[in-house]
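Single-letter residue listing:
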Amino acid sequence: MFTLKYALKSIVRSLGRNILIAIIVIIIATAACVAMSIQQAAEAAAANSRKLMDIKTQVYIDRGFIRDQAIENTGSEDMSVLMPEMNDLMKEYAITLDDFEEFSKIKKEGSDEPLVKSYYYSAAVSINGDSIKKYDLTSSTSETTAATEAPTEAPVAPTMIDPQGNVIVQEVPTMPAPVQQEPQQPEKQGDFSLIGYSDVNAMTDFGGEESGCVMKKGEQTAIFPEDTSDYVCIIEENLSNFNDVGVGDTISLVNPNNEDETYSLKVVGIFKNSTGTMENGDDASNTILTNYDTVKGIETKSETTNSTASSTASSSSKTTDTASSSSAGSSDSTVETKLISQFDGTFVLASVEDYDQFKEELRKKAEDEGKNGDMYFVASSDIAAFMEGLKPLENLKSFATTFLYLTLAIGAIVLIVISVISIRDRKYEIGVLAAMGVKKLKLSMMFMLEVLIITLVSILIGVVIGSAISVPVTNGLLTAQVQQQEDKDTSQTQEPQQPGTNERPAYGEVSDDNIDYVDKVDFSVDFMVVLKMLLIGIALAVVSGFTSILFILRYDPKQILANRD
Amino acid sequence: MRVIELKNLSFAYPNNPVIKNLDYDFEEGMVYAITGKSGAGKTTLLSLLSGIMEPSSGYIAYKGYPIDESDKYVYRSRDVGVIFQEYNLLPKFTVRENIQLSFDISGKKLRDIGGFKNKREYVDELIREVGLDPEVIGNRRILHISGGQQQRIAIARALSFQPRVILADEPTGNLDMDTSSEIMGIFTRLAHEQNRCVIIVTHSPQIAELADIQLDLQPFSKYTRT
Chain A
-10 MFTLKYALKS
0 IVRSLGRNIL
10 IAIIVIIIAT
20 AACVAMSIQQ
30 AAEAAAANSR
40 KLMDIKTQVY
50 IDRGFIRDQA
60 IENTGSEDMS
70 VLMPEMNDLM
80 KEYAITLDDF
90 EEFSKIKKEG
100 SDEPLVKSYY
110 YSAAVSINGD
120 SIKKYDLTSS
130 TSETTAATEA
140 PTEAPVAPTM
150 IDPQGNVIVQ
160 EVPTMPAPVQ
170 QEPQQPEKQG
180 DFSLIGYSDV
190 NAMTDFGGEE
200 SGCVMKKGEQ
210 TAIFPEDTSD
220 YVCIIEENLS
230 NFNDVGVGDT
240 ISLVNPNNED
250 ETYSLKVVGI
260 FKNSTGTMEN
270 GDDASNTILT
280 NYDTVKGIET
290 KSETTNSTAS
300 STASSSSKTT
310 DTASSSSAGS
320 SDSTVETKLI
330 SQFDGTFVLA
340 SVEDYDQFKE
350 ELRKKAEDEG
360 KNGDMYFVAS
370 SDIAAFMEGL
380 KPLENLKSFA
390 TTFLYLTLAI
400 GAIVLIVISV
410 ISIRDRKYEI
420 GVLAAMGVKK
430 LKLSMMFMLE
440 VLIITLVSIL
450 IGVVIGSAIS
460 VPVTNGLLTA
470 QVQQQEDKDT
480 SQTQEPQQPG
490 TNERPAYGEV
500 SDDNIDYVDK
510 VDFSVDFMVV
520 LKMLLIGIAL
530 AVVSGFTSIL
540 FILRYDPKQI
550 LANRD
Chain B
3 MRVIELKNLS
13 FAYPNNPVIK
23 NLDYDFEEGM
33 VYAITGKSGA
43 GKTTLLSLLS
53 GIMEPSSGYI
63 AYKGYPIDES
73 DKYVYRSRDV
83 GVIFQEYNLL
93 PKFTVRENIQ
103 LSFDISGKKL
113 RDIGGFKNKR
123 EYVDELIREV
133 GLDPEVIGNR
143 RILHISGGQQ
153 QRIAIARALS
163 FQPRVILADE
173 PTGNLDMDTS
183 SEIMGIFTRL
193 AHEQNRCVII
203 VTHSPQIAEL
213 ADIQLDLQPF
223 SKYTRT
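Chains A and B, in that order, are what the protein sequence lines are.
Read in the numbering used here, the first sequence has 112 at position 123, and its numbers run on one by one without any break.
Read in the numbering used here, the second sequence has 143 at position 141, and its numbers run on one by one without any break.
For the record, the hints were derived by calculation from the structure and aren't laboratory data.
Mixed in with the good hints, there may be bad ones.
Stated by the list, open to error - Cut-off 30 Å, straight-line C-alpha distance, at most; resulting in silico cross-link-like pairs (DSS-like, lysine-lysine):
| no. | chain 1 | residue 1 | chain 2 | residue 2 |
| --- | --- | --- | --- | --- |
| 1 | B | Lys74 | A | Lys96 |
| 2 | A | Lys(-6) | B | Lys9 |
| 3 | A | Lys428 | B | Lys39 |
| 4 | A | Lys(-2) | B | Lys65 |
| 5 | A | Lys428 | B | Lys9 |
Claimed, not checked - Computed footprint of chain A on chain B; a stretch qualifies when at least three of its residues, placed anywhere within it, have a C-beta under 8 Å from a C-beta of chain A:
| no. | region |
| --- | --- |
| 6 | 73 to 86 |
| 7 | 92 to 105 |
Claimed, not checked - The following label-pair restraints were derived from C-beta to C-beta distances:
| no. | chain 1 | residue 1 | chain 2 | residue 2 | range |
| --- | --- | --- | --- | --- | --- |
| 8 | A | Pro461 | B | His146 | 41 to 51 Å |
| 9 | A | Leu395 | B | Glu131 | 29 to 39 Å |
| 10 | B | Thr190 | A | Val1 | 46 to 56 Å |
| 11 | B | Tyr67 | A | Tyr394 | 54 to 64 Å |
All residues carry an ideal CB built from backbone N, CA and C; glycine is no exception.
All chains should be built: construct the whole structure from the sequences, respecting the hints.
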């Protein structure tokens, strides 16, 4: 009690010096509080990502694995030798609907519950119009002659256009690519992309006016009739107007490789796409949407037709693997004309933990089946976009951490220096108190208590100031970071990556447009920050207090009093 | 009654012996004046008696028990009141706070003293005892009172925890003769009326004359009692 009373009295009686110490500690505490708040905000944002619901995840065959396998099989690293082998391997390992449904049954660790919350899929075929023409504003007079035209674009292949307008195809086999089922390209590319969805959840393009498609007439669900034997579809507004086709009309589509093979679909709705392209990169106006069963039905029918045609044409024409055939335009009767759909599936997982476990389970599954554990590449653009969005905050966190350590180090040094000066100034007082019978340990405690009280009060003031300014300061710094990150992204987009320089992104690739950078934090200094600050205050007070103790223990009261001047 | 005994007490600074084999008994109820030439070891003896310094050999006993390292702080804070030559009051504290601080350090309680409602009343009584008005001087800081008043406050502080022994180093050194006589009157009263042992170091023969016993300290610890 006496110690506390004396410490309080001393603080009041040496107000000038103590105010100076307090100002220094308040500045340190405010800076530390802001730095810790930034850390806290970054951690909270990262923790939120772990609570993300509905993490959409895709599984691909890893192209790096395919490349390694191709090198092993051919013994060559020459791309001209590797590419055909890689195409063969992709077909061999392609993920089918059966695989997909098997993956969806993977169970949670120690539970009978499936890891996958839900899943959906789609299949797409490239097809020509029979009763309708391709919507093309630049050559609206052109005839629908796709069957004789060479394909000008590969809708799914990842390509980039450089500033000069050249198409750049990334030749980086280590990059994962959507090769669940490498499109077994038929010989001729159709004008339209016919996409069949498993259910309405699979229609991820329908995200609203800003991000994609909205229905103009009819309902999305209309493409999932109870009786799937009737082929129905919805078409884009531009295509509808261009061909004067509306709801209730029937359109006719044709196999680009077999003009006799036609399919009729009833239009049950019109949608509008404001961006011009679908998520998979297809031209939205020339995309026709239907259900999965319809596309598979067309595929099956095409296969039967083709099989019949082939067997009629030649008894030796039942060879398979026509997709890799490079004999486009050949008159060889063995050319297969069947339509082949491209499968695309998505799993919905409930948390990042589930996502991580799902990845691990797939690896185990591959290894259990005697395959390479690296063959599957699991990606989630949701997580990738979120993680990418956290980057500015993460950068700021790293800066804040360095700043915090620096502030504390400087703070500790300043406090030690002040303590030493203060002790030297109060040498006489120490001598008098010691001569009056106060033990050196008690003396040290009295001095340490003084520093502790000043430090704690200053820290509390610092926390109040820090909590008031940390949000605007953090948001100001974040804005600068986001700008920097966006500039960096822009420059990276403009400069195509060099082969061999890119690393595999942990959660897959994400388009810059999909990244929603965290550019604002809304938090208050919480209990943990206050607790940490108090602990820091105690630590600083103890450090400076111990310096005082070292000096006090060295002092001899007799000498101090004898050399009073 | 013997209160402090010096047994074969010696003290030497490096290469400079000051006190050698000194034996003496101090009794309660007496005022002792230690005199002697400069360098005779007067202040050193007082420092040894107050426990601030350690003897090179021999020992000091308080009420029959030698003072050792472990209890010298208790001895200093409860048994012996020291009045330093330079008063050694804490300048940033007030008169009352200086006195009360000494009482608080001793660890004694007001009930050990008896007769006072609170510490302030007791402290004011001590100020009156040394001839000052607590209402006038009580809240003044030490730097704002005269040397004579500081000397009296130093005495009041030494008395605050009612020690059996009072040690004073040149208590009248900076004071005029009248004030010095008044201070000596306080010491005499403390010894004779309250049965304390008062030991003062002085170079003034007139002050020494006022003590009950004069000890003239010679170099190497010869002393003459008058």
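Taking the hints in turn, this is what the structure says about them:
no.: 1; hint: B:Lys74 <-> A:Lys96; in the structure: violated (76 Å)
no.: 2; hint: A:Lys(-6) <-> B:Lys9; in the structure: violated (40 Å)
no.: 3; hint: A:Lys428 <-> B:Lys39; in the structure: violated (34 Å)
no.: 4; hint: A:Lys(-2) <-> B:Lys65; in the structure: violated (36 Å)
no.: 5; hint: A:Lys428 <-> B:Lys9; in the structure: holds (26 Å)
no.: 6; hint: 73 to 86; in the structure: holds (count 8)
no.: 7; hint: 92 to 105; in the structure: holds (count 6)
no.: 8; hint: A:Pro461 <-> B:His146: 41 to 51 Å; in the structure: holds (49 Å)
no.: 9; hint: A:Leu395 <-> B:Glu131: 29 to 39 Å; in the structure: violated (59 Å)
no.: 10; hint: B:Thr190 <-> A:Val1: 46 to 56 Å; in the structure: violated (39 Å)
no.: 11; hint: B:Tyr67 <-> A:Tyr394: 54 to 64 Å; in the structure: holds (55 Å)
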